[in-house]
Amino acid sequence: MQKKQPIQEHLLLEIEKLRQEVEHLRREKANLRALLEEATQHSDTIEADLHDKALSVERSSERKLAKFLDAMPMGVFVVDATGKPYYANQMAQYILGKRIAPETGIEQFPDIYQTYLAGTDLPYPSDRQPLWRALQGESTTIEDLEIRRGDKIIPLEVWATPIFDENGQITYAIAVFQDITERKRAEIERSEFTNQLLEINSAYERFVPRQFLQFLNKESIVEVKLGDNIQQEMSVLFADIRNFTTLSERMTPSENFKFINSYLSCMESAIAENHGFIDKYIGDAIMALFSQDADNALKAGIAMLHRLNEYNQHWQSVGYDPISIGIGINSGSLMLGTVGSPSRMNGTVISDAVNLASRIESLTKYYDVSLLISHHTYLRLPNPDIYAIRTIDRVKVKGKSETVSIFEVFDADPPEIREGKLATATVFEQALLLYNQDNYVDAEQMFRDCLSINPLDKVAQIYLERCQLQLLYKVKY
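Numbering (this note's numbering), first residue to last: 1048 to 1524.
Treat each hint with caution, since some may be false.
Label-pair ranges, simulated between beta-carbon atoms [claimed, not checked]:
(1) S1309 <-> E1476: 53 to 61 Å
(2) I1464 <-> S1238: 53 to 61 Å
(3) L1480 <-> E1449: 19 to 27 Å
(4) T1292 <-> R1465: 25 to 33 Å
(5) S1380 <-> T1241: 34 to 42 Å
(6) E1246 <-> K1327: 19 to 27 Å
(7) E1320 <-> Q1278: 39 to 47 Å
(8) K1305 <-> E1476: 14 to 22 Å
(9) E1302 <-> T1241: 21 to 29 Å
(10) S1388 <-> Q1508: 47 to 55 Å
Think of the hints as simulated: they come from the structure by calculation, not from any bench.
Predicted, not measured: the structure shown is a model, and the values here were computed from it.
Beta carbons: idealized from backbone N, C-alpha and C, even for Gly.
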């Protein structure tokens, strides 16, 4: 009995809870019924109130959006799906110079807003307009559109994109644009400044060759410092006009400068075309450097002589005698760098190789030939057999005990002389060998043989006279 009592009390408590819940549900039902009856009686009033509130929210949102768009520093222009203007913010109206014309179509924009293809008098094509392309579903950016307002031209950068509804249909197209006058002006100024720098660099290159800077591993002349230097294997070419002093005395100072500049310009192109550069002009003389194989230096020398023939044709046509030049080439290691003082410095090359090249050039006058090279250059030629070359002497460098072999390159000689030297090459070589062995009797006879075949061979004539002098000396003493 005592055990059942707690169970009954628990059941009674549960029943009471259920009764209270049922009572609560009845009250809720009654409240809902009353609310439903009230809502049914005032449905029109509620709907109107909700509509007013929605309109109020929409207007507030539109005002906020318009206020935001008007504060933008760029123009905003919107058209509807048919291409008619829908909205333009204050900046858009300011740039365009007028309000939107709601009843116009997009194809009329070039006439209404005076839009032109930049840099031309052509109206901006309707089918290229960003808004038109946006209505086709394309997002675009352009910078080739201008607005004309009287004498004022306003270049624009325009972005345009379509606006889709929830079904993926284009409902609007929006364009954002800005006046890029200042940017264009800045671009012009930058372009002018860049061109000015290029002109300055180009001017500097006339005084300091670009290749000189490259060898020193400098990007610009402003990076060059006094004492910068590098050791480099190069071929050095010296070229000089024969008897220039006598020639210049027949000309006025103005004529002298015109002649020198026209001649040097003619020679410079032959050097540049063969991968060389002029290190310096020494009056009428040229000193050029070639960093690649000696082939380029030799080809440049031959090209210079061919150019000289063309130059002489013009020179003679204006009443002057033809000029001749001597070219000497040597190859070896040299130091290339800057010398002078912090306030005034020059680029230069220093080496025995340079001195020898100058000495070889001077020997062209003695032998009355156009082009001589050292054995240092000869040994650096990839294929010397392609040239017309012969050995003509061995000389000692001033201040040195070293003997240097000198070779004549006669590719640019007149055809009859060139062919004659080629025909007597073997005989001349044997005669020179006999001469160097002090066998002047046999050497004299062989040089005579050379001259009988090629009477214009001035080197053979020089050696013939040397042999005769040696024989005369022996007889006398």
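Hint check:
Here the CB-CB span from S1309 to E1476 is close to 40 Å, at odds with the stated 53 to 61 Å. At about 56 Å, the CB distance of I1464 to S1238 agrees with the hint of 53 to 61 Å. Range check, L1480 to E1449: Cβ separation about 21 Å, and the 19 to 27 Å hint holds. Look at T1292 against R1465: about 30 Å separates their beta carbons, and that is inside 25 to 33 Å.
In this structure, S1380 and T1241 meet the distance hint of 34 to 42 Å, their C-beta atoms being roughly 39 Å apart. In this structure the supplied range 19 to 27 Å holds for E1246 paired with K1327, their Cβ-Cβ distance being about 23 Å. Separated by about 27 Å at the C-beta atoms, E1320 and Q1278 break the suggested range of 39 to 47 Å. As the Cβ distance of K1305 to E1476 is approximately 44 Å, the hint placing it in 14 to 22 Å is violated.
With their beta carbons about 39 Å apart, E1302 and T1241 fall outside the hinted range of 21 to 29 Å. Distance hint for S1388 and Q1508: a CB-CB separation of about 50 Å, consistent with the stated range 47 to 55 Å.
Of the numbered hints listed earlier, those contradicted by the structure are 1, 7, 8, 9.
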